[in-house]
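Work the whole structure out from these sequences, hints included.
So the sequence lines, in the order shown, correspond to chains V and C. For the first sequence, the numbering used here gives the first residue as 18, with consecutive numbering after it. For the second sequence, the numbering used here gives the first residue as 18, with consecutive numbering after it.
There may be inaccurate statements among the hints.
Only part of the chain V face toward chain C is listed, based on derived beta-carbon distances under 7 Å [said to hold, decoys possible]:
(1) Met18
(2) Thr21
(3) Leu176
(4) Ala181
(5) Ile313
(6) Leu338
Just so you know, these hints were derived from the structure itself, not from any lab. In this text, a Cβ means the ideal position worked out from N, Cα and C, and glycines have one as well.
Number of protein chains: 2
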Amino acid sequence: MIKTRFTELFGVEHPIAQGGMQWVGTAELVAAVADAGALGFLTALTQPSPEALVKEIARTREMTDKPFGVNLTILPAITPPPYAEYRQAIIESGIKAVETAGYKPQEHVDAFKAHGIKVIHKCTAVRHALSAERMGVDAISIDGFECAGHPGEDDIPGLILIPAAADKVKIPMLASGGFGDGRGLVAALALGAEGINMGTRFCATKEAPIHDGIKQAIVANDERATELLFRSYRNTARVARNSVAMEAVQIEREGNPFEAIAHLVKGARGREGLENGDPEHGIWTAGMVQGLIHDIPSVAELVERIVGDAEALIGERLAGLVATRERANA
Amino acid sequence: MIKTRFTELFGVEHPIAQGGMQWVGTAELVAAVADAGALGFLTALTQPSPEALVKEIARTREMTDKPFGVNLTILPAITPPPYAEYRQAIIESGIKAVETAGYKPQEHVDAFKAHGIKVIHKCTAVRHALSAERMGVDAISIDGFECAGHPGEDDIPGLILIPAAADKVKIPMLASGGFGDGRGLVAALALGAEGINMGTRFCATKEAPIHDGIKQAIVANDERATELLFRSYRNTARVARNSVAMEAVQIEREGNPFEAIAHLVKGARGREGLENGDPEHGIWTAGMVQGLIHDIPSVAELVERIVGDAEALIGERLAGLVATRERANA
Numbered sequence: 018m019i020k021t022r023f024t025e026l027f028g029v030e031h032p033i034a035q036g037g038m039q040w041v042g043t044a045e046l047v048a049a050v051a052d053a054g055a056l057g058f059l060t061a062l063t064q065p066s067p068e069a070l071v072k073e074i075a076r077t078r079e080m081t082d083k084p085f086g087v088n089l090t091i092l093p094a095i096t097p098p099p100y101a102e103y104r105q106a107i108i109e110s111g112i113k114a115v116e117t118a119g120y121k122p123q124e125h126v127d128a129f130k131a132h133g134i135k136v137i138h139k140c141t142a143v144r145h146a147l148s149a150e151r152m153g154v155d156a157i158s159i160d161g162f163e164c165a166g167h168p169g170e171d172d173i174p175g176l177i178l179i180p181a182a183a184d185k186v187k188i189p190m191l192a193s194g195g196f197g198d199g200r201g202l203v204a205a206l207a208l209g210a211e212g213i214n215m216g217t218r219f220c221a222t223k224e225a226p227i228h229d230g231i232k233q234a235i236v237a238n239d240e241r242a243t244e245l246l247f248r249s250y251r252n253t254a255r256v257a258r259n260s261v262a263m264e265a266v267q268i269e270r271e272g273n274p275f276e277a278i279a280h281l282v283k284g285a286r287g288r289e290g291l292e293n294g295d296p297e298h299g300i301w302t303a304g305m306v307q308g309l310i311h312d313i314p315s316v317a318e319l320v321e322r323i324v325g326d327a328e329a330l331i332g333e334r335l336a337g338l339v340a341t342r343e344r345a346n347a
Numbered sequence: 018m019i020k021t022r023f024t025e026l027f028g029v030e031h032p033i034a035q036g037g038m039q040w041v042g043t044a045e046l047v048a049a050v051a052d053a054g055a056l057g058f059l060t061a062l063t064q065p066s067p068e069a070l071v072k073e074i075a076r077t078r079e080m081t082d083k084p085f086g087v088n089l090t091i092l093p094a095i096t097p098p099p100y101a102e103y104r105q106a107i108i109e110s111g112i113k114a115v116e117t118a119g120y121k122p123q124e125h126v127d128a129f130k131a132h133g134i135k136v137i138h139k140c141t142a143v144r145h146a147l148s149a150e151r152m153g154v155d156a157i158s159i160d161g162f163e164c165a166g167h168p169g170e171d172d173i174p175g176l177i178l179i180p181a182a183a184d185k186v187k188i189p190m191l192a193s194g195g196f197g198d199g200r201g202l203v204a205a206l207a208l209g210a211e212g213i214n215m216g217t218r219f220c221a222t223k224e225a226p227i228h229d230g231i232k233q234a235i236v237a238n239d240e241r242a243t244e245l246l247f248r249s250y251r252n253t254a255r256v257a258r259n260s261v262a263m264e265a266v267q268i269e270r271e272g273n274p275f276e277a278i279a280h281l282v283k284g285a286r287g288r289e290g291l292e293n294g295d296p297e298h299g300i301w302t303a304g305m306v307q308g309l310i311h312d313i314p315s316v317a318e319l320v321e322r323i324v325g326d327a328e329a330l331i332g333e334r335l336a337g338l339v340a341t342r343e344r345a346n347a
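Have a look at this one:
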């Protein structure tokens, strides 16, 4: 067992979270993560309406007795989803942990805090982490350049971002982006985090609601098999490299208008890409940690292995490298 | 004391190296690193001739009794430096450790090995590390996206690159790029490396032969204050952000020919930039680890602090987080 300020704060067994993932964060995965003693988050906006989210929360509760949370990601949009209603659905369902992400979450954070809900905010820069801390969140999920989805525009990897944030942020932090095994968990703890958040690694588990063809592609891909889209619009997204992603990169490079790229991406991405077994079919997100993923275990096997490996690394390898001056001089 | 396969192989006290740095890897710094119990490398090509390198090796020996090495970086050039003569100078001076970097080092590796010299080869990709291992080098310095100078074109940070390499490479590896403190050393050891190589962090020490104005700039800069040049020519270099670097980035973005960018960079960079106290004067290299550098200690103070902090992290923080099941259930 590895006990940190994160496990204490959220009342879970292991310092591991499965943060929000569009189309993937449903009852099947979140209940398995909860049962494994880690903290899973349903993705609110994967549900078509606040009413559907209420039902998904109830469905998850039928599958596990352990605590789980809900992710609410706030994106600027001309016609935004009914965020306040999703928020209300979360509060009224008695959820005790929320992961927020995106822009200007203050009003949502205030509402969650007023109902005694613990909030962890995901961000990609030290200055954003400090701003979230001032906003009153309970914890930070600090997301490095390695991550799937939106790494921000600073391109600072976890090796730098985590300790740089730890030098300034006082509330507990989860390290996110690039984590998938016990080695990463120990590195995160050494760098100043209180645990890890994993996305891509949880996608390659038996319970993830993704076609097996995509899971096999994650296993087959190495660490270089990702592409960055929308860099020129300062809205960068890291996705798995395939023919569609490479076409999108190419038309972006040629200076085509945003609409052309968005059309290509929109036509291909989403639930359809994950439900179709052909990894070339659509655009789907994956992080660099693909290069460290070699199998498709159950969630329980994965969590158990990560914690066991981390314990062994700390108690055996690392402890063994530290020689007392006496022993070293002997 | 932290003892690893690296400290054993090279017969040094601490699992820390100061690899080759053009204009910086001179007797003053390398002797201080050696005296501190770490492994410093003189930069061969900083010396104007093989004869000058022989003298610099002798000068270093006057300053320290401890072992040190020499870096030989092989770059493709129309009129290359006399690599074979530099190599011969290294061998005839009785140097026992060499850091190689760059293209096709096979003939140099063969010659060094034939004289019983231990070779550590620096590379930025798993496939290059495997190729160097096949070439017969003794160790790898695996250099992540965070690093100053040449990170390669794959953009894989250490958090992924180190364990991905450790999954395949059998000889000992140093982790390079983004390292500057005890937290990083423990992370590197957890991820599968046998120690760390530091560049930028050693530049911000009392003994580094760099103007104090540049050292202060490293302290003042945060992790975001670097730029990537020559990306469009697949010869990427990470340098400190200043007005000259930003101008170079801009003319590269505008699609100017290589010559225009090279002219601007060449006119500004080099020894002059480091010897002038104005950080805006020229182009000079620095890694993202700038964001973790807050002071200018002596080399001895720095090495002592890193090892002491790493020991404490392993023996106190990490050991303390691991609860036995009995304790956790109590």
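For each hint, the structure was consulted:
no., hint, verdict
1, Met18, "holds (4 Å)"
2, Thr21, "holds (6 Å)"
3, Leu176, "holds (4 Å)"
4, Ala181, "holds (5 Å)"
5, Ile313, "violated (17 Å)"
6, Leu338, "holds (5 Å)"
The structure is inconsistent with hint 5 alone, although it conforms to all the rest.
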